[in-house]
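Q: The primary structure of each chain is shown beneath.
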Amino acid sequence: MALVLSSYSYYYLIAGIINFTVLSFLLVLLIIHFFRKRTVGTFLLIMTYASVWINEILMTLAFYLEALYPGNENYLKAAQTMQMTGVFFLVYTINWMYFFANRHLIRDNDLFKLLYTSIFSAFVGVAGGLAYYDIYTGDRNNPFWYSIIELAGADFNLNYPPTQGLRLILIGGMFAIGSITYLRLIVRTTRLTRKAKDLVTKKGLRIVSLSILFLWLTGLVLALYIFGANRIPWLSVLVYLFRGMIVITAVILGYLGWIMPEWLRRRLRGKAWIAKVYTGKLPEPPKSKENIEKAPKPITSPTSANQIVEISEQ
Amino acid sequence: MSFLKRLFRQRTKRVTITICGLDNAGKTTIVRYLVAGEYKSTVPTMGVNREVIDLPNLQMDIFDLGGQLDFRGIWPEINEKSDGLVYVVDASDYIRLDESKEIFYNIINAQINPLIPVLILLNKCDLEERLSRIEFINAFDLPSLGNIKWACFVTSAITGEGIYDAFRWFIDAFQE
Ligand SMILES: Nc1nc2c(ncn2[C@@H]2O[C@H](COP(=O)(O)OP(=O)(O)O)[C@@H](O)[C@H]2O)c(=O)[nH]1
Ligand SMILES: [Mg+2]
Numbered sequence: 359m360a361l362v363l364s365s366y367s368y369y370y371l372i373a374g375i376i377n378f379t380v381l382s383f384l385l386v387l388l389i390i391h392f393f394r395k396r397t398v399g400t401f402l403l404i405m406t407y408a409s410v411w412i413n414e415i416l417m418t419l420a421f422y423l424e425a426l427y428p429g430n431e432n433y434l435k436a437a438q439t440m441q442m443t444g445v446f447f448l449v450y451t452i453n454w455m456y457f458f459a460n461r462h463l464i465r466d467n468d469l470f471k472l473l474y475t476s477i478f479s480a481f482v483g484v485a486g487g488l489a490y491y492d493i494y495t496g497d498r499n500n501p502f503w504y505s506i507i508e509l510a511g512a513d514f515n516l517n518y519p520p521t522q523g524l525r526l527i528l529i530g531g532m533f534a535i536g537s538i539t540y541l542r543l544i545v546r547t548t549r550l551t552r553k554a555k556d557l558v559t560k561k562g563l564r565i566v567s568l569s570i571l572f573l574w575l576t577g578l579v580l581a582l583y584i585f586g587a588n589r590i591p592w593l594s595v596l597v598y599l600f601r602g603m604i605v606i607t608a609v610i611l612g613y614l615g616w617i618m619p620e621w622l623r624r625r626l627r628g629k630a631w632i633a634k635v636y637t638g639k640l641p642e643p644p645k646s647k648e649n650i651e652k653a654p655k656p657i658t659s660p661t662s663a664n665q666i667v668e669i670s671e672q
Numbered sequence: 293m294s295f296l297k298r299l300f301r302q303r304t305k306r307v308t309i310t311i312c313g314l315d316n317a318g319k320t321t322i323v324r325y326l327v328a329g330e331y332k333s334t335v336p337t338m339g340v341n342r343e344v345i346d347l348p349n350l351q352m353d354i355f356d357l358g359g360q361l362d363f364r365g366i367w368p369e370i371n372e373k374s375d376g377l378v379y380v381v382d383a384s385d386y387i388r389l390d391e392s393k394e395i396f397y398n399i400i401n402a403q404i405n406p407l408i409p410v411l412i413l414l415n416k417c418d419l420e421e422r423l424s425r426i427e428f429i430n431a432f433d434l435p436s437l438g439n440i441k442w443a444c445f446v447t448s449a450i451t452g453e454g455i456y457d458a459f460r461w462f463i464d465a466f467q468e
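Taken in order, these protein sequences are the chains called X and W.
Per this note's numbering, residue 359 is the first one in the first sequence, and the count goes up by one each step.
Per this note's numbering, residue 293 is the first one in the second sequence, and the count goes up by one each step.
Hints should not be assumed to be uniformly reliable.
As the list claims (entries may be wrong) - Beyond 12 Å from chain X on every Cβ pair, some chain W residues (computed): (1) R364; (2) I366; (3) I370; (4) K373.
To be verified - Listed below are the simulated DSBU-like cross-link pairs for lysine-lysine, each with C-alpha atoms no more than 30 Å apart in a straight line: (5) X:K560 x W:K332; (6) W:K441 x X:K647; (7) W:K332 x X:K395; (8) W:K332 x X:K561; (9) W:K332 x W:K305; (10) X:K634 x W:K305.
Since the hints were derived computationally from the structure, they do not count as laboratory data.
Source: prediction; values computed, not measured.
Don't be surprised by glycine CBs; every beta carbon is placed ideally from N, CA and C.
Input sequences plus hints: build the corresponding full structure.
A: As structure tokens, then:
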């Protein structure tokens, strides 16, 4: 394949591979944790971040397809389909996160949860159906049920739900539901943080609220493209790299805050009380009379002398 | 700095410690006291709780084993590898004293390496109605332990009484 890609393209493609690698690693950590705990909560968390991961894979694969097979109609359609599907996976992280949060942060009733998922799925279903329909039957130069965001300087483009006219309701609705959900979770977490007595819990919850904030930002950064960042090649690349970093940060923080691996817990906890007393940072507590009286130097060796002390006490 | 720390850390000795005793003796509360320096309420331990405590030259990897009958099956496996045993007895639980004694000797005779230090804690000494240390040593027949290196302290995981002295002895036992 004697193929010449624009130099800007490489940034996207390499960033895609890095994002994929890091996210895969984190997902494996989560899955290992799941097999240890086997809780529904962990599974929901895995699904939340797996959705982010699938979006990353689909988007990067689509870029590769478009870059490697320019002008191939079928591959182009496949690439567009993949990108749109990726967007919907990303949007669906909101729903997974909502159900996960329902086990740990909030307690919505079943009716509300069902309503939430139904409305959510309706938006995704309608937006998806119409977009696929337009990709396969419509005119690519004039897309109606999806929009093409041209990445200046790159050999491929971003496909996104429609960003003009009344059709904006589709992405707007998903965005609104997502924002309300995340905002609610952040407020709730902040409140819990304030109430938490235990230092580790407090810090853990703070990490959790940051991770939710970053998850929300992943949706927001792409909006920069809608406002025209895609027209300047280097800015477009920067936004893309930035987005990748935000996605990775969101998942790392989520892993740390929710799973709270042992090394982090110990680090947040600080030195143990006994270690502080032992090293003289805290004063020694008064000795118990009973312990002193009966064994001035508590039995320190297995010599029978010590045991005689014990016996002679009787 | 952290590089230097890591260099030094290699000199620290790592020991695995198991905490055994009947359920409700106060094992988890004691471990939490070691960490927090104050009383923290606990929930009954299912399976194993693990806590790591870093001291200047010693890292203690503490396994707090669930005391209920269902979990005792995993004790031998963990005790076999342990470098130190902490055995906790509820000083106010006269009724189950014999049961506790039986388990204690089972561990001593069958599960642990006879060279490791054994720290016996007569816990809940803040309660009025309880065994005294001497009564307990008699009842448990501790002098019959022979060559095993042991010590018995009264403790309270609520007031903290005796906990530092007990573990000070235990830590020093590893430093030799
Ligand atoms: N009065 C008193 N209660 C204690 C003491 N240590 C633990 N407890 C209580 O005993 C109960 C069982 O403690 P826990 O640590 O869960 O026992 P474990 O099953 O051995 O881990 C809890 O209700 C503790 O609050 C103590 O020193 N004094
Ligand atoms: Mg316990």
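Q: Against this structure, judge whether each hint is valid.
A: We went through each hint and held it up to the structure:
1. Non-interface call for R364 of chain W relative to chain X: holds, since the shortest CB-CB distance, roughly 22 Å, exceeds 12 Å.
2. Even its closest Cβ contact with chain X, about 15 Å, leaves I366 of chain W beyond 12 Å, as expected for a residue assigned away from the interface.
3. Annotated as non-interface, I370 of chain W keeps its C-beta farther than 12 Å from every C-beta of chain X; the closest such distance is 17 Å.
4. For K373 of chain W, the shortest C-beta to C-beta distance to chain X comes to about 18 Å, beyond the 12 Å cut-off, and the non-interface label holds.
5. With a C-alpha separation of about 16 Å, the suggested pairing of K560 of chain X with K332 of chain W holds against the 30 Å cut-off.
6. A C-alpha spacing of about 23 Å is found between K441 of chain W and K647 of chain X, which places the hinted pair at or below 30 Å, so the restraint holds.
7. Annotation: proposed proximity of K332 of chain W to K395 of chain X holds, straight-line Cα distance about 24 Å (limit 30 Å).
8. For the proposed pair K332 of chain W and K561 of chain X, the alpha carbon gap of about 18 Å is at most 30 Å, so the pair holds.
9. Restraint check for K332 of chain W and K305 of chain W: satisfied, since their Cα atoms lie roughly 29 Å apart, inside the 30 Å limit.
10. At roughly 18 Å between alpha-carbon atoms, K634 of chain X and K305 of chain W fall within 30 Å of each other, so this suggested pair holds.
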